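Enquirer: Can you make the complete structure from the sequences, with help from the hints?
2 protein chains.
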Amino acid sequence: MFGFNNISIDKKSRFSFPAKYRDAFINSNENQIVITKDPQYPSLKVYLGSEWDQISTKLSSLQGLDPIVRNLQWTILGNASVCDFEPSGRMQVLISADLKKYAQIEEANRICLIGMGNKFEIWNQENWEQRQTGGSLATEILDIVLPESIKDMSF
Amino acid sequence: MFGFNNISIDKKSRFSFPAKYRDAFINSNENQIVITKDPQYPSLKVYLGSEWDQISTKLSSLQGLDPIVRNLQWTILGNASVCDFEPSGRMQVLISADLKKYAQIEEANRICLIGMGNKFEIWNQENWEQRQTGGSLATEILDIVLPESIKDMSF
DNA sequence: ACAGAATCCGGCTTATAGACCAACTCATAT
DNA sequence: ATATGAGTTGGTCTATAAGCCGGATTCTGT
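Those sequence lines, one after another, are chains A and B. FYI, our numbering numbers position 12 of the first sequence as 14, with every residue one higher than the one before it. FYI, our numbering numbers position 136 of the second sequence as 138, with every residue one higher than the one before it.
I should point out that these hints are in silico values taken from the structure, not numbers from a laboratory. Note that the structure is predicted; figures quoted are calculated from it, not measured. Some hints could be false.
Which copy is meant is left open, because identical chains are indistinguishable; a pair holds if it fits in one copy or across any two.
As the list claims (entries may be wrong) - Straight-line C-alpha distance at most 25 angstroms; calculated PhoX-like pairs for lysine-lysine: (1) K153 to K121; (2) K13 to K103; (3) K153 to K22; (4) K153 to K14; (5) K103 to K22; (6) K103 to K153; (7) K60 to K121; (8) K102 to K153; (9) K121 to K22; (10) K153 to K60; (11) K13 to K60; (12) K103 to K60; (13) K153 to K13; (14) K60 to K14; (15) K14 to K102; (16) K22 to K60; (17) K13 to K102; (18) K121 to K14; (19) K14 to K103.
Expert: And the structure:
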């Protein structure tokens, strides 16, 4: 579940997971994934079902009167899309128009899928390269001061 | 698992581990290695499977909203490539175009593989020599201020 | 100089990504 | 109620890339 992949999305905004991750999905009995917005950068996060259960449970239980927490709830929970996933099959995922817009991949026919161990990120190639070479993005959100309640969470 | 090796990479960007390390791999039941970017210098890191499990688990559990942590996650986890050894016992490793570029070995047909005990490093020969003689590299990243959460980690 | 081992090289095989197409569903309008 | 068309889903095919393997070449130690 690691590493960089440049993959295509078809006209219907579908992409398929690289086959090299298949065994990991099967071994961990994952049959759904969740795709949602990244709160920090114009990119998307893809969680395994089990990972998502933990994150969403924890995040939704937090005190929403804190504006930072509420923003995270909106962004992460409010845009999540659950997708049934058959690891023995083609492992295809649909990206909604709204998520494509957020990640600035409306016009693109290729995306970058980055394996981060327990999750994946989806980036527009230019944004990704700029970020990796130390450049900053117009839309990034810097210096979030995290409330104590989420210091131990990893999104 | 120590020492300096100057070895060749072929047209398909593969290299094979010096045979002198083979017994050590077999004895420790390692059947895969992971190759990824070094966060500090234009070079690559090669971890044994078991070592990688520890590092990646710890690193992916950290709070990704911290920009330094997220950069390390991107660099180390997001560029990792897992590689199984050949059934015949030969230990061949493919270096992706992206990793070659990062380590500045795009045009090279030889690399330096440095055994560091529990991991290896891969360098472009000129960079390695310059670094060993105290010279500085144009692209190195100095003085990372590490957050408390990763002070005890060794990459 | 020779023998054995390690390394390098390139062809062959297999698996996969990506594109194309067919079928089905659903919505709308007549 | 039926026909039309758009949107969605799933299947199949093919070029490409990854994995596997054997032989040629180079290296090392005696």
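Enquirer: Next, verify each hint and record whether it holds.
Expert: So, going through the hints one by one against the coordinates:
For the homomeric pair K153 and K121, the shortest alpha-carbon distances inside one copy (19 angstroms) and between copies (23 angstroms) are both at most 25 angstroms. When the C-alpha separation of K13 and K103 is checked against a cutoff of 25 angstroms, the pair qualifies only within one copy, where the shortest distance is 15 angstroms, while the shortest distance between copies is 31 angstroms. Neither within a single protomer nor between protomers do K153 and K22 lie at most 25 angstroms apart by alpha-carbon distance, with minima of 33 angstroms and 32 angstroms respectively. Taking the shortest Cα distances, K153 and K14 never come within 25 angstroms of each other, neither inside one copy (38 angstroms) nor across copies (45 angstroms).
In the homo-oligomer, the alpha carbons of K103 and K22 lie at most 25 angstroms apart only across protomers (23 angstroms), although the nearest pairing inside one protomer, at 28 angstroms, exceeds that limit. Taking identical chains as interchangeable, the C-alpha atoms of K103 and K153 are never at most 25 angstroms apart, the minima being 29 angstroms within one chain and 36 angstroms between chains. Taking identical chains as interchangeable, the C-alpha atoms of K60 and K121 lie at most 25 angstroms apart whether they share a chain (17 angstroms) or sit on different chains (14 angstroms). Taking the shortest Cα distances, K102 and K153 never come within 25 angstroms of each other, neither inside one copy (29 angstroms) nor across copies (36 angstroms).
When the C-alpha separation of K121 and K22 is checked against a cutoff of 25 angstroms, the pair qualifies both within a copy, at 15 angstroms, and between copies, at 24 angstroms. Within a single copy, K153 and K60 get their C-alpha atoms as close as 12 angstroms, and across copies as close as 15 angstroms, so both meet the 25 angstroms cut-off. Taking identical chains as interchangeable, the C-alpha atoms of K13 and K60 are never at most 25 angstroms apart, the minima being 36 angstroms within one chain and 38 angstroms between chains. With identical chains, the CA atoms of K103 and K60 are never at most 25 angstroms apart, being 27 angstroms at best within one copy and 33 angstroms at best between copies.
For the identical chains of this complex, K153 and K13 are neighbours neither inside a copy (40 angstroms) nor across copies (46 angstroms), given an alpha-carbon limit of 25 angstroms. In this homomeric assembly, K60 and K14 never come within 25 angstroms of each other (Cα to Cα): the closest approach is 33 angstroms inside a single copy and 37 angstroms across copies. Taking identical chains as interchangeable, the C-alpha atoms of K14 and K102 lie at most 25 angstroms apart only when both belong to the same chain, with a minimum of 12 angstroms there against 34 angstroms between chains. Taking identical chains as interchangeable, the C-alpha atoms of K22 and K60 lie at most 25 angstroms apart only when they sit on different chains, with a minimum of 22 angstroms there against 30 angstroms within one chain.
With identical chains, the CA atoms of K13 and K102 are at most 25 angstroms apart within one copy only, with a shortest distance of 12 angstroms there and 32 angstroms across copies. Taking the shortest Cα distances, K121 and K14 sit within 25 angstroms of each other inside one copy (24 angstroms), while across copies they are farther apart (30 angstroms). Taking the shortest Cα distances, K14 and K103 sit within 25 angstroms of each other inside one copy (14 angstroms), while across copies they are farther apart (33 angstroms).
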